Amino acid sequence: AQTVTQSQPEMSVQEAETVTLSCTYDTSESNYYLFWYKQPPSRQMILVIRQEAYKQQNATENRFSVNFQKAAKSFSLKISDSQLGDTAMYFCAFATGNQFYFGTGTSLTVIP
Amino acid sequence: GAVVSQHPSRVICKSGTSVKIECRSLDFQATTMFWYRQFPKQSLMLMATSNEGSKATYEQGVEKDKFLINHASLTLSTLTVTSAHPEDSSFYICSASSGQSYGYTFGSGTRLTVV
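As given, the protein sequences belong to chains A and B, one line each in that order.
Residues in the first sequence are numbered from 1 upward in steps of one, following my numbering.
Residues in the second sequence are numbered from 1 upward in steps of one, following my numbering.
Here chain A stands alone, though its shape is the one from the complex (with noise of 0.2 Å):
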């Protein structure tokens, strides 16, 4: 079975700081793809970054970057120049075949 485990419930930051988010994933499967979702108050789900596994290259998306150690099992996402508009929950989730899997997520919030 896969699962993906967030460590840190909330976490905070300063305006205009760098702030790493946490994720480790188990799975046997050797094709998968990973993602950070972004669930500000209105509760859309917003995709904020997406890996796929076979590539050993982090993705990156504007201030959004991730490291992503397969080995591991491993994927934090990195929030450079935090804005206040960052503060948000912010769910790790892993998908193999049909089967789409959520970490239990971070509430980051950005302090002025």
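Incorrect hints may appear among the rest.
Said to hold, decoys possible - Okay, derived cross-link-like pairs now, DSBU-like style, lysine-lysine, Cα gap no bigger than 30 Å in a straight line:
#, chain 1, residue 1, chain 2, residue 2
1, B, Lys55, B, Lys14
2, B, Lys41, A, Lys78
3, B, Lys64, B, Lys41
4, A, Lys73, B, Lys41
5, B, Lys20, B, Lys66
6, A, Lys70, A, Lys55
As the list claims (entries may be wrong) - Chain B residues, not near chain A, derived (Cβ > 10 Å throughout):
#, residue
7, Pro8
8, Ser15
9, Thr17
10, Ser18
11, Glu22
12, Lys55
13, Lys64
14, Asn70
15, Ser73
16, Thr82
17, Ser83
18, Pro86
19, Glu87
20, Thr113
Said to hold, decoys possible - Chain B side only, calculated, beta carbon under 8 Å to chain A, not exhaustive:
#, residue
21, Phe34
22, Ser43
23, Leu44
24, Thr49
25, Phe91
26, Phe106
27, Ser108
Keep in mind that the hints were calculated from the coordinates and are not lab data.
In this text, all values refer to a predicted model and were calculated from it rather than measured experimentally.
Cβ coordinates follow ideal geometry from the N, Cα and C atoms, glycine included.
Following the hints, complete the assembly by docking chain B onto the known chain A.
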């Protein structure tokens, strides 16, 4: 980009009645749709996975007769909460996948309140 429309965004119903939630993929064909339930400050709990034209696959512990899922076309899936009770009050979210490159798009969610 891919868009999924979920309707209604909010619904209040009386205990014992049924309520239907729709999830539509607007600009792509959704071969698979997922239905989630989310309690406050918790993660999304997968309820069921539906493939167009076939019966939904329910997660363990989810009552099939209470949560009826229909995926009759490649652009529409519905979740019907039958004989709703206050404990069914929750936030329900759908997502859709075209089956390509693991693209998953979420609807905006439905806040169900049973009174």
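Verification of the supplied hints:
no.: 1; hint: B/Lys55 <-> B/Lys14; in the structure: 28 Å, holds
no.: 2; hint: B/Lys41 <-> A/Lys78; in the structure: 22 Å, holds
no.: 3; hint: B/Lys64 <-> B/Lys41; in the structure: 25 Å, holds
no.: 4; hint: A/Lys73 <-> B/Lys41; in the structure: 26 Å, holds
no.: 5; hint: B/Lys20 <-> B/Lys66; in the structure: 12 Å, holds
no.: 6; hint: A/Lys70 <-> A/Lys55; in the structure: 10 Å, holds
no.: 7; hint: Pro8; in the structure: 14 Å, holds
no.: 8; hint: Ser15; in the structure: 24 Å, holds
no.: 9; hint: Thr17; in the structure: 24 Å, holds
no.: 10; hint: Ser18; in the structure: 23 Å, holds
no.: 11; hint: Glu22; in the structure: 17 Å, holds
no.: 12; hint: Lys55; in the structure: 14 Å, holds
no.: 13; hint: Lys64; in the structure: 18 Å, holds
no.: 14; hint: Asn70; in the structure: 18 Å, holds
no.: 15; hint: Ser73; in the structure: 19 Å, holds
no.: 16; hint: Thr82; in the structure: 24 Å, holds
no.: 17; hint: Ser83; in the structure: 26 Å, holds
no.: 18; hint: Pro86; in the structure: 20 Å, holds
no.: 19; hint: Glu87; in the structure: 20 Å, holds
no.: 20; hint: Thr113; in the structure: 14 Å, holds
no.: 21; hint: Phe34; in the structure: 6 Å, holds
no.: 22; hint: Ser43; in the structure: 5 Å, holds
no.: 23; hint: Leu44; in the structure: 5 Å, holds
no.: 24; hint: Thr49; in the structure: 6 Å, holds
no.: 25; hint: Phe91; in the structure: 6 Å, holds
no.: 26; hint: Phe106; in the structure: 4 Å, holds
no.: 27; hint: Ser108; in the structure: 5 Å, holds
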